[in-house]
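The task is simple: from the sequences and hints, build the whole structure.
2 protein chains.
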Amino acid sequence: MNDRLQAVRNKMKGLNLQGMIIANPINIKYLTKIDAEGILLLTRKENIFITDGRYMEYVSSIITPFDEIVIDDQKNISKDEYENFFLFCENVGFEEKYLSYSTYKDFIRKYKINNFVEAEEILTSLRILKDEEEIANIKRACEVTDNCFDMLLKFIKPGLTEKQIARQIHNFYLDNSEGESFEAIVASGENSSKPHAMVTDRIINTKDIITIDMGCKINGYCSDMTRTIFIGEPTEEQKNIYNLVLENQKRALDEIRDGASIKTIVKGVESSFNIQSQTLIHSLGHGVGLEIHEPPAVSLNNDILLKENMVITDEPRNLFARKFWNKNRRYCSCNQERCFNLDRIE
Amino acid sequence: MNDRLQAVRNKMKGLNLQGMIIANPINIKYLTKIDAEGILLLTRKENIFITDGRYMEYVSSIITPFDEIVIDDQKNISKDEYENFFLFCENVGFEEKYLSYSTYKDFIRKYKINNFVEAEEILTSLRILKDEEEIANIKRACEVTDNCFDMLLKFIKPGLTEKQIARQIHNFYLDNSEGESFEAIVASGENSSKPHAMVTDRIINTKDIITIDMGCKINGYCSDMTRTIFIGEPTEEQKNIYNLVLENQKRALDEIRDGASIKTIVKGVESSFNIQSQTLIHSLGHGVGLEIHEPPAVSLNNDILLKENMVITDEPRNLFARKFWNKNRRYCSCNQERCFNLDRIE
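Going down the list, the sequences are from chains F and E.
Quick note: the first sequence uses this note's numbering, first residue 1, plus one each step.
Quick note: the second sequence uses this note's numbering, first residue 1001, plus one each step.
There is no bait here: all hints are sound.
Computed cross-link-like contacts, DSSO-like style, restricted to lysine-lysine with a CA-CA straight-line distance of at most 27 Å:
#  : chain 1 : residue 1 : chain 2 : residue 2
1  : F       : K112      : F       : K97
2  : F       : K11       : E       : K1105
3  : F       : K13       : F       : K112
4  : F       : K105      : E       : K1110
5  : E       : K1163     : F       : K29
6  : E       : K1105     : F       : K105
7  : F       : K33       : E       : K1163
8  : E       : K1112     : F       : K105
9  : E       : K1075     : E       : K1112
10 : F       : K97       : E       : K1110
11 : F       : K110      : E       : K1097
12 : F       : K97       : E       : K1105
13 : E       : K1163     : F       : K154
14 : E       : K1011     : F       : K105
15 : F       : K267      : E       : K1079
16 : F       : K112      : E       : K1105
17 : E       : K1154     : E       : K1207
18 : F       : K97       : E       : K1097
19 : F       : K163      : E       : K1163
20 : E       : K1105     : F       : K263
21 : E       : K1013     : E       : K1112
22 : F       : K97       : E       : K1079
23 : E       : K1075     : F       : K267
24 : E       : K1110     : F       : K267
25 : F       : K105      : E       : K1013
26 : E       : K1105     : E       : K1045
27 : F       : K110      : E       : K1263
No wet-lab data here; the hints were simulated from the structure.
See below:
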């Protein structure tokens, strides 16, 4: 059996779970490399992936005997067979944050489950610590994103629309990665203060501030980078706020290490903002991996301590949202740290 | 109060619900036009949208006094206030297919709910019947998709990669709509038989079959169209299968009308496929609207009857997946019906 499936089974034992239903496709991909619709059942004796006609050929091509995964087409499974998968299982685990209430109830009925136990933490606790290969993928995704930003610095100039810049990002990622990890945000001028910005046909002007939030995927792993660009020389006030955000990002980065308290780090940034009459909007960051947002949340109400091989973003924001990857650390996603004053108004 | 919120409140009365929590952002957008993170509470006396600092400015700009929606920043709401929203409410409704099991439990605790009742059907039953404006948006999205296909017929030729075609689609939609309703599938040659196709760097060859599945959004409403293209003259076997799919699609389209049984229509297609030793993969179609997949499912296990102003796809598939919009009907999403033999090998 592959290591990750084995790790899940070990944790199941510790929680007295005899079975588990894994429905989140990202978790299924993490455990099996299968990227298809279906359900993964860990029964007493077997690992079973139930899918449908569309995916049988593909899934069979992915699985190796070493994985010890049985593939089933759902249309060949009878009502009785469903009810027998977890026969003699006292407790069966499920992903409580992924399953809808409705599916939760369906599963209990369909699989005749005695005691359906919240067990998503098993997957979360595995996925939150990245292995060498995962980190290499995230780093590569960050590098491609850095290159994308370098390209943008040469590309962006007054007269372009937000949409044209967004398209440039999209195409760069198509050429150099598996594509965007989320739809890029390009917010200029009055739009740049809206963290909820839609990409519009607004034309970039001189004196604009542009916030760009973008990322790509490498082998399924995401990067996530935000940069603020000034067209021309920023005002004193703009510089002050920019530097406040930058300093706090740097400080947070310094504090991010094995054993550090997420809460303490976020509190530090928050008070530093408040002293300058600024407000820390939303949280300071989030985990990144197979999903663009995953645990741990880097916010005031997260009590956990950071551990080596967690990957998180460091993105204090008020008006400006910015994120970094420090190549010497494993904790944050993104690349360099620079203050950009882009002046292309010749 | 706007008509849709009023309709929800009327249905709540019929189900003896004194309150309702609406968490699905698509439902919130449908009811309020607000496109932001947050929760919509329908309490005894008020409609309250709870959001956070990122969206306060935007939401305030969207809401009119006529909507009768109160906006609250979550950080200003105390524990007690949360517990008082549904005070004296015997039954409070929720979206059982949208809420995760975990959030379901959180809400009961946070809002001190006595009886939390599955009530997603209220929203589903409203959204499943489209009004004039919604249908106009879907039709427009289908027209843009038709135009995209016309563009592709001129663009596609041997030597291009799947990715280059996908990018052309993406850019066309950026220029002519709000962008893709889902990431376009371009599956050629051996990839075209995989309904799960990823877009790859595979180069289009002479004699290839290309399956293209694409759609865009207009005012939030989706189109969804699949076409199969032959590069050069198809073989007799290919023609036979293509025509089998085409005939069944046409027949289903003829049967799709107010009062028709979804089950009967799907059964008809299934047996016609089986007689030719072909298998109907997956379902026959699905509803389309603000979401690319929404009720009603057009599959064997859906017992409902079609009603005027439902919008569904008609996409029988075995090897080839194809969908249509018949301009004279309101039931199906897509545009013309044509058999394409694309020969660009001069």
